[in-house]
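Please model the complete structure; the sequences and the hints are all you need to start from.
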Amino acid sequence: MIKKLGIALGSGSSRGWSHIGVLNALEESEIKVDYISGTSIGSLVGAVYSIGDIKAFEKFARSIDWKNIVSFIDVSFPVSGLISGKKLFKMLSEYYGESVIENLPIPYCAVAADVITGEEIRFNSGRVIDSVRASVAIPGVFTPFEHEGRVLVDGGIVNPVPVNVVRKMGADIVIAVDLNSCTKKDDGGVSYDIVGADFVDYEDDKLKNREKRIVEMLEEKYLEITGAIREKFDRLRNREHHLNILEIIDNTTHIMQRSITENQFKINSPEVIIKPQLGDFRLLDFDRAVEAIDEGYKLTMMQIDKIKSLLH
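Residues 411 to 722 (our numbering) are what the sequence shown spells out, left to right.
The set of hints was computed from the structure by calculation and includes no laboratory data.
Using N, Cα and C, we set each Cβ at its ideal position, and we do this for glycine too.
Just to be clear, a hint being listed does not mean it is correct.
Said to hold, decoys possible - Derived BS3-like pairs (lysine-lysine); straight-line CA-CA distance at most 30 Å:
{"id": "1", "residue 1": "K414", "residue 2": "K496"}
{"id": "2", "residue 1": "K465", "residue 2": "K578"}
{"id": "3", "residue 1": "K497", "residue 2": "K469"}
{"id": "4", "residue 1": "K718", "residue 2": "K685"}
{"id": "5", "residue 1": "K465", "residue 2": "K708"}
{"id": "6", "residue 1": "K578", "residue 2": "K477"}
{"id": "7", "residue 1": "K465", "residue 2": "K442"}
{"id": "8", "residue 1": "K469", "residue 2": "K500"}
{"id": "9", "residue 1": "K414", "residue 2": "K442"}
{"id": "10", "residue 1": "K676", "residue 2": "K708"}
{"id": "11", "residue 1": "K469", "residue 2": "K676"}
{"id": "12", "residue 1": "K414", "residue 2": "K469"}
{"id": "13", "residue 1": "K442", "residue 2": "K716"}
{"id": "14", "residue 1": "K469", "residue 2": "K718"}
{"id": "15", "residue 1": "K442", "residue 2": "K477"}
{"id": "16", "residue 1": "K465", "residue 2": "K716"}
{"id": "17", "residue 1": "K496", "residue 2": "K465"}
{"id": "18", "residue 1": "K578", "residue 2": "K685"}
{"id": "19", "residue 1": "K708", "residue 2": "K718"}
{"id": "20", "residue 1": "K469", "residue 2": "K496"}
{"id": "21", "residue 1": "K465", "residue 2": "K718"}
{"id": "22", "residue 1": "K442", "residue 2": "K676"}
Unchecked claim - Simulated restraints, written as ranges between beta carbons of each label pair:
{"id": "23", "residue 1": "H722", "residue 2": "K500", "range": "24 to 30 Å"}
{"id": "24", "residue 1": "S473", "residue 2": "D582", "range": "35 to 41 Å"}
{"id": "25", "residue 1": "G559", "residue 2": "F470", "range": "32 to 38 Å"}
{"id": "26", "residue 1": "K716", "residue 2": "I665", "range": "27 to 33 Å"}
{"id": "27", "residue 1": "S679", "residue 2": "S481", "range": "39 to 45 Å"}
{"id": "28", "residue 1": "I665", "residue 2": "N478", "range": "41 to 47 Å"}
Shown next as structure tokens:
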């Protein structure tokens, strides 16, 4: 008897492109996914896969460059989040359309969090685009999503890798894709584990310039609204030895989600854990899809025999 397979796609911002590689490896190996749960970027990719449009979406992900990323940034005011997300979700609507979760070919559930009550909110019905909009609303980055009287944000603050969700859906075997347990390379090219969070050396000119450009762009747009913000962003931009706002959000989120995931795995351990090693990916590194997809694919193929044996 073949057991039912569920996959829990975790949160992790730009590292989430590796979910595409994981799903590609399973499909290539003729392993059927029976249930999908996702948090944040995991909900975004999982929804596309459930609909059946992952190949077209992968093509889009691989084509993203820095200019695309900047074009999706629509600054919000007042500041409940730096980005309103209207441009991004208008684009995503091309893939989701008016699809509703109840009618998807593969059962799907997205996880969000009620920022007022602290409750975990599971979307197992309703419009797909609403479930994704709620699940990816990283606090401080995207504005919260107001839905049916609730104020919803990224599900990663309560359930970064929703193993328990997909198991409750009916999965006998669960594959968890954990994006918050990473390794980095030292100067000699040797991989090593990092205890706690994975911080990038922001003395690296390329990384520093990318982050600086985002802050500068945000400053320019805010200055159209009020000159008072100029002083704040000048201080933010010119501090050489302090993290900027995006770095702070990224690192604190990563620390929190890693801790939550480790504790949850002790309570509800998945049969297979895939941990893409993308410790040098930052919050908005969505133009590095090729690296992430390849990493997810490679690590999944290494566990294909184990997955097949578990299913049979």
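* Against the structure shown, which of the earlier numbered hints fail to hold, in ascending order? -> 1, 6, 11, 15, 23 and 28
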